[in-house]
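Engineer: The residues making up each chain are set out below.
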Amino acid sequence: MAKAKHWLEPHSGGLYVKPADLWIDPSRPVERAAVTHGHADHARSGHGAVFATPETLAIMALRYGVDVEASRNQAFEYGDGFERGGVRFSFHPAGHVLGSAQILMEYGGERIVITGDYKRRPDPTCAPFEVVPCDIFITEATFGLPVFRHPPTEGEIAKLIGAVRAEPDRSVLVGAYALGKAQRVIAELRGAGWDAPIYIHGALEKMCELYAVHGVDLGELRLVSETDKAEMAGRIVLAPPSALGDRWSRRLPDPVTAMASGWMRVRQRARQRMVELPLVISDHADWDELTTTISEVNPKESWITHGSEDGLLRWCELTQRKARALHLVGRDLEEEV
Amino acid sequence: MKRFAALIDRLIYTRSRNTKLALIVDYLRHTPDPDRGWAIAALTESLDFPAVKAGTVRTLLATRIDEELFRLSRHFVGDTAETAALLWPDVPGKKAGLSVSDAVDALSAASRSDAPAIVASLLDRLDADGRYALLKLALGGMRVGVSARLAKQAFAQAFDVPVDDVEELWHAIPPPYAPLFAWGEGRAERPDLADVAFFRPFMLAHPLEEASVDLADYAAEWKWDGIRVQIVHGGGETRIYSRGGEEISGAFPELVAAFDQDAVIDGELLVRGEVQGGEAASFNALQQRLGRKIVSKKMLADYPAFVRVYDLLAVDGDDLRGLPWTERRRQLEAFVPRLAGSHFDLSQVIDAKDFDDLAERRAGARDAAIEGVMLKRRDAPYVAGRRAGLWYKWKRDPLTADCVMMYAQRGNGRRASFYSDYTFGCWSEAGELLPVGKAYSGFTDEELKWLDKFVRDNTLNRFGPVREVEKSLVLEVAFDSIHSSKRHKSGLAMRFPRISRIRRDKPAEEADRIATLQAMVT
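Chains as they are written, first to last, in the working numbering: chain A, 1 to 337; chain B, 1001 to 1522.
Bear in mind the hints are in silico, worked out from the structure with no lab data behind them. Every residue gets a Cβ at the ideal spot worked out from N, C-alpha and C, and that includes glycine. Please note that a few of the clues may not be correct.
[What the hints assert, rightly or not] Taking lysine to aspartate or glutamate pairs in the EDC-like style, the calculated list, with each CA pair at most 20 Å apart, reads:
#1 159/A to 1129/B
#2 3/A to 135/A
#3 3/A to 21/A
#4 1453/B to 246/A
#5 159/A to 1026/B
#6 1449/B to 154/A
#7 1449/B to 246/A
#8 1395/B to 1360/B
#9 159/A to 1127/B
#10 1353/B to 1221/B
#11 1002/B to 154/A
#12 1293/B to 1045/B
#13 159/A to 1009/B
#14 1489/B to 1402/B
#15 1438/B to 1402/B
#16 322/A to 1066/B
#17 3/A to 110/A
#18 322/A to 1214/B
#19 1506/B to 1402/B
#20 1471/B to 1505/B
#21 1395/B to 1214/B
[As the list claims (entries may be wrong)] Per label pair, the in silico range of CB-to-CB distance:
#22 1461/B to 206/A: 28 to 38 Å
#23 1292/B to 151/A: 54 to 64 Å
#24 1516/B to 196/A: 41 to 51 Å
#25 301/A to 1009/B: 54 to 64 Å
#26 253/A to 1294/B: 41 to 51 Å
#27 271/A to 1516/B: 34 to 44 Å
#28 1291/B to 159/A: 28 to 38 Å
#29 220/A to 1009/B: 25 to 35 Å
#30 1105/B to 151/A: 48 to 58 Å
#31 192/A to 1054/B: 38 to 48 Å
#32 1348/B to 253/A: 50 to 60 Å
#33 159/A to 1486/B: 40 to 50 Å
#34 192/A to 1141/B: 29 to 39 Å
#35 64/A to 1009/B: 32 to 42 Å
[What the hints assert, rightly or not] Computed footprint of chain A on chain B; a stretch qualifies when at least three of its residues, placed anywhere within it, have a C-beta under 8 Å from a C-beta of chain A:
#36 1013 to 1022
#37 1069 to 1075
#38 1354 to 1364
Please take these sequences and the hints and turn them into a complete structure.
Structural biologist: So this is what it looks like as structure tokens:
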């Protein structure tokens, strides 16, 4: 069997697959890149050729003007893949955001899975995570500490709806990352029976349309910029986190500031962000999901990338699993903004 | 515990005082005894369980979770109670029926040896939010921004009773305050307060806005720059209360020990100047003594506290509050010699010929501990709160300096989208701008909009919620006094700084030098 260290090189700027001369989620422009999902810390602009799911390519086209039609870029449905330099690549659902994929690489009898970012709990906007057996499992660890146990999403959505109903003269402004989190919060609200129009910041518009085109029903969305202030009383408004304290928020009737993020689990974090209504809704696996996933995949070795590597490494040590930390730079942008 | 946990969760994230008030009012109205009493005592840090300490919780955690994972988690979260609440493994099954009073009973009954087992069994019955509430209740350090004053106001509002009555009764009745709730709900008479060291609400002053007052009607005293205290001796014990009615006896044990007369006094707590027995030192010195739970011998020696007494509310069992100031003053002057001169002295009446003479003396007063002048109506009784025409405070004119804006930070609540907190500096000899203070008031809404735009248009750097700005805007800053401070690089700290004018006309190079400010230090 080929030894991973001979064909897969971890660099601070991404993982380099030597026989295929291809990078996975590189942080700088390269000739050939396989991309797990569309978040900016994984998908960058300027690559020669991109290999990804159709949804991820569409997201990159929207964000960076990547030419989806160009023959050098190739789209692969879940379960499909390609071969290059003797390495077989295939894409498998990661449950993180629309189009997010784990990438399985097979070479010389060895199987390596890189998860990108993932979660295990249900998400109406994307395909659920699939356990892919492998020898080396390269996992994220954003919430790699046992203090992170995300509560059930329904409860958080109920909290949000309760807050709007409690103060019908105010709007509730939810800070949510523009790709994935925002659409998921909207879809969860629809699932909970919230039928009123949902008002969005202009920065979310295009991505919401893209989700709708890919079959995710978000109901009626209206732009804040085209709405009278009074109409938004008693309504839910979504904006990227950076807009929460921005002058833009003055268009809203006395907004209650909410934020949808896994970090909201820690009270002091929420207070620092001046959040009045913290919603613990995350697109990353929590501690239980991370540890359960490693147990289920049961690899010979786990490589832990970005987040709280120390916590997850310690768990691997306690459960006698072989593990090491990779130090990739430039990750973790999405939940920190 | 569920309702209490929900309450503290809301309080943590609520910055508006009125919303906090409304949340507590609602809780008090809709929660039964004795839970609501224990809850309010916990919010105001009035509970103590000597057998349960942070160490107990750490030891306990080590039995359930790997120490290294606890250490990593504690480092990330920054708070032991919260870390433990999040880490404690959930026990599956229905979480019913642990009330706040069940928890208080169990924690009170705990001894050092069985405390870990008791805390563990309580934690097992709660979810993560409930565990947080329980651990904060047990360990203190709630930090939800609820003062004793706010709690009393909430009580008064919840049951529509006068807040002055609540103030008086509060300290006389121990948690869970059952007689207080019975009275509030009209189920019982007002509790009788014989023989306890209870707090009397302070009489407060309005700022002097009239051009002058007739000194035949008003007596003048210096306004001291310390903290207002009430010392009460009753039922064999002495207690010191601060202006908000919070008990601060623990921080000033020497005063508690020295006050041995059956009386209630109103006065200013000050710290003696550098030379023992000297005049009162600045507020800066007094700050060294505030908020301390353990007072070292060195603290007592370096910053000796004393009280400058200016009113007598009760003596030898008689309530004097109904008497005019003149009569209280006569009795006060007779009373003060009964106290130890080392720790108590009489605040002198200013012997001014007329108002002009008083104005002149006020202008000439340079003592660091003098903040201005008090004017007290000679025929007025001692009444709670701020009543028109009875007491006036006439502060010294503020000092001002021209400073340059250096950093700005977004405000809270209504001001969350505005850069409304400004750090400003003055020039050192080396031509470097050093921060001298921070202000977030003094401007109009229009000026705030202008300042906010200035910050956004002139941002050099962003550090989280803080922006560094182009060093080009001069702000005229008013402040009550300025002191030496090791905390700032400039070596200076202002008291009550506020923006008095925006000096768009003035170039930044012409702002004041540090040396100019140093000359104002008291």
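Engineer: Each hint needs a verdict: does it hold in this structure or not?
Structural biologist: Checked hints:
1. 159/A to 1129/B: Distance of about 14 Å is within 20 Å: holds.
2. 3/A to 135/A: Within the cut-off at roughly 11 Å; holds.
3. 3/A to 21/A: Distance ~17 Å between residue 3/A and residue 21/A Cα, so the pair holds.
4. 1453/B to 246/A: holds, 12 Å
5. 159/A to 1026/B: At roughly 19 Å apart (the allowed maximum being 20 Å), residue 1026/B and residue 159/A satisfy the hint.
6. 1449/B to 154/A: violated, 40 Å
7. 1449/B to 246/A: holds, 13 Å
8. 1395/B to 1360/B: holds, 13 Å
9. 159/A to 1127/B: The given pair, whose Cα atoms are some 17 Å apart, holds under the 20 Å limit.
10. 1353/B to 1221/B: Judged against 20 Å, a Cα distance of about 13 Å means the pair holds.
11. 1002/B to 154/A: holds, 19 Å
12. 1293/B to 1045/B: holds, 13 Å
13. 159/A to 1009/B: Distance ~13 Å between residue 159/A and residue 1009/B Cα, so the pair holds.
14. 1489/B to 1402/B: The given pair, whose Cα atoms are some 18 Å apart, holds under the 20 Å limit.
15. 1438/B to 1402/B: holds, 13 Å
16. 322/A to 1066/B: The hint holds at about 18 Å.
17. 3/A to 110/A: holds, 8 Å
18. 322/A to 1214/B: Measuring from Cα to Cα gives roughly 87 Å; hence the hint is violated.
19. 1506/B to 1402/B: Since the Cα atoms of residue 1506/B and residue 1402/B sit roughly 9 Å apart, the hinted pair holds (cutoff 20 Å).
20. 1471/B to 1505/B: holds, 14 Å
21. 1395/B to 1214/B: holds, 18 Å
22. 1461/B to 206/A: 28 to 38 Å: holds, 30 Å
23. 1292/B to 151/A: 54 to 64 Å: violated, 39 Å
24. 1516/B to 196/A: 41 to 51 Å: violated, 60 Å
25. 301/A to 1009/B: 54 to 64 Å: Taking Cβ atoms as reference, residue 301/A and residue 1009/B lie about 41 Å apart, which means the hint is violated.
26. 253/A to 1294/B: 41 to 51 Å: Since residue 253/A and residue 1294/B have Cβ atoms about 49 Å apart, the given range 41 to 51 Å holds.
27. 271/A to 1516/B: 34 to 44 Å: holds, 38 Å
28. 1291/B to 159/A: 28 to 38 Å: holds, 35 Å
29. 220/A to 1009/B: 25 to 35 Å: holds, 32 Å
30. 1105/B to 151/A: 48 to 58 Å: violated, 29 Å
31. 192/A to 1054/B: 38 to 48 Å: holds, 40 Å
32. 1348/B to 253/A: 50 to 60 Å: Holds, since residue 1348/B and residue 253/A (Cβ atoms, about 56 Å apart) stay within the stated range.
33. 159/A to 1486/B: 40 to 50 Å: holds, 45 Å
34. 192/A to 1141/B: 29 to 39 Å: For residue 1141/B against residue 192/A, whose Cβ atoms are near 36 Å apart, the range 29 to 39 Å holds.
35. 64/A to 1009/B: 32 to 42 Å: holds, 41 Å
36. 1013 to 1022: Contact hint for the region 1013 to 1022 of chain B vs chain A: holds, 3 residues under 8 Å.
37. 1069 to 1075: holds (count 3)
38. 1354 to 1364: Not satisfied, violated; 0 residues make the cut.
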